[in-house]
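Visitor: Heads up, the final residue of the sequence shown is numbered 244 in the numbering used here, and it's a clean run with no missing numbers.
Calculated from the structure, these hints are not laboratory results. Only a predicted model underlies this, so the values are computations on that prediction, with no experimental measurement involved. Watch out, some of these pointers could steer you wrong.
[To be verified] Now the in silico label distances, taken between C-beta atoms and shown as ranges:
1) Trp-189 - Gly-215: 27 to 37 Å
2) Gly-100 - Ala-2: 12 to 22 Å
3) Gly-201 - Gly-93: 21 to 31 Å
4) Gln-163 - Ser-61: 13 to 23 Å
5) Ser-181 - Asp-103: 27 to 37 Å
6) Pro-63 - Arg-123: 29 to 39 Å
7) Thr-95 - Asp-141: 16 to 26 Å
8) Ser-78 - Glu-43: 15 to 25 Å
Ideal Cβ positions, reconstructed from N, Cα and C, are used throughout, including at glycine.
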Amino acid sequence: MATRLVQINMKARDDFALGGFWAQALGWEISSEGPGVTNLEPEGFVYPDPVAVCVDLIVSSEPKTVKNRVHVDLATTSAAHQAQVVARLTDLGATVADVGQGDVPWTVMADPEGNEFCVLDPRPLYQDTGPIAAVVVDCADPRAMARFWSAATDWTVHEVTDQSARLRSAKGVGPYLEFVSTPDVKSGWNRVHLDVRPYPGDDPEAEATRLRSLGATPIDLGQDVPWRVLADPEGNEFCLLTPS
Numbered sequence: 001m002a003t004r005l006v007q008i009n010m011k012a013r014d015d016f017a018l019g020g021f022w023a024q025a026l027g028w029e030i031s032s033e034g035p036g037v038t039n040l041e042p043e044g045f046v047y048p049d050p051v052a053v054c055v056d057l058i059v060s061s062e063p064k065t066v067k068n069r070v071h072v073d074l075a076t077t078s079a080a081h082q083a084q085v086v087a088r089l090t091d092l093g094a095t096v097a098d099v100g101q102g103d104v105p106w107t108v109m110a111d112p113e114g115n116e117f118c119v120l121d122p123r124p125l126y127q128d129t130g131p132i133a134a135v136v137v138d139c140a141d142p143r144a145m146a147r148f149w150s151a152a153t154d155w156t157v158h159e160v161t162d163q164s165a166r167l168r169s170a171k172g173v174g175p176y177l178e179f180v181s182t183p184d185v186k187s188g189w190n191r192v193h194l195d196v197r198p199y200p201g202d203d204p205e206a207e208a209t210r211l212r213s214l215g216a217t218p219i220d221l222g223q224d225v226p227w228r229v230l231a232d233p234e235g236n237e238f239c240l241l242t243p244s
């Protein structure tokens, strides 16, 4: 049994407006499955497919107060392309951000609601990932996180050190999932989190039990919803969706 990383869930004060920004940033299509929800997928995408990790924006009145522990890195193909992407995103409402990164070759930015993301310098590793090069998670122990998430999903570990770990779908397509060591301590609920989904025919209750055996903990929101909310070994919330 295994799950698939299928989407990023991002809280937003205005899901439609923020969804419009990210749709233009990624060159993806925008739709909505209901009030307060905006969905982003590549054009012609047949969900779910590891070639892309989709984005769901969910309306929330809770303010953003701390740096997000989950963010996306955007891929570029050349120094000129990187500069063009930064300029285009600035025109769309993003701002250059300082999170203490110092002098680095990538550009840290924030979307119109303050969610941090990076526009990477061109790197051969990310030339076939699509617009999202990587989904990045701040953590205390990249090795432990790599063990959990590689066992929890069908993603393969490509590199792991004390400072970072990198996973990718076993099919070798789509963005990477990266864990980066940081001294920052998790504070409150993550405004951006991961959603995983079992394969068709799998028993979601059995999958939830398996994830708990790997170190996940269940979270009871007191809501009658078809998905299950859990937290990974470092307390990062994620949703186990129904099989599809």
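Visitor: Could you see if the CB distance from Trp-189 to Gly-215 stays within 27 to 37 Å?
Guide: violated (19 Å)
Visitor: For the pair Ser-181 and Asp-103, does the Cβ-Cβ distance stay inside 27 to 37 Å?
Guide: The hinted range 27 to 37 Å is violated for Ser-181 and Asp-103, with Cβ atoms some 20 Å apart.
Visitor: Given a hinted range of 21 to 31 Å, is it respected by the beta-carbon distance of Gly-201 and Gly-93?
Guide: violated (43 Å)
Visitor: Taking the Cβ atom of Gln-163 and the Cβ atom of Ser-61, is their distance within the range 13 to 23 Å?
Guide: violated (36 Å)
Visitor: Does the hinted range 29 to 39 Å hold for Pro-63 and Arg-123 at CB?
Guide: Given range 29 to 39 Å: holds, Cβ gap about 34 Å.
Visitor: Is 15 to 25 Å respected by the C-beta to C-beta distance linking Ser-78 and Glu-43?
Guide: Holds - the Cβ-Cβ distance for Ser-78 and Glu-43, about 24 Å, lies within 15 to 25 Å.
Visitor: Indicate whether the distance between the beta carbons of Gly-100 and Ala-2 respects the range 12 to 22 Å.
Guide: At roughly 36 Å between Cβ atoms, Ala-2 and Gly-100 fall outside 12 to 22 Å, so the hint is violated.
Visitor: Could you tell me whether the CB distance from Thr-95 to Asp-141 stays inside 16 to 26 Å?
Guide: violated (32 Å)
The structure fails hints 1, 2, 3, 4, 5 and 7 (numbered hints given earlier, in ascending order).
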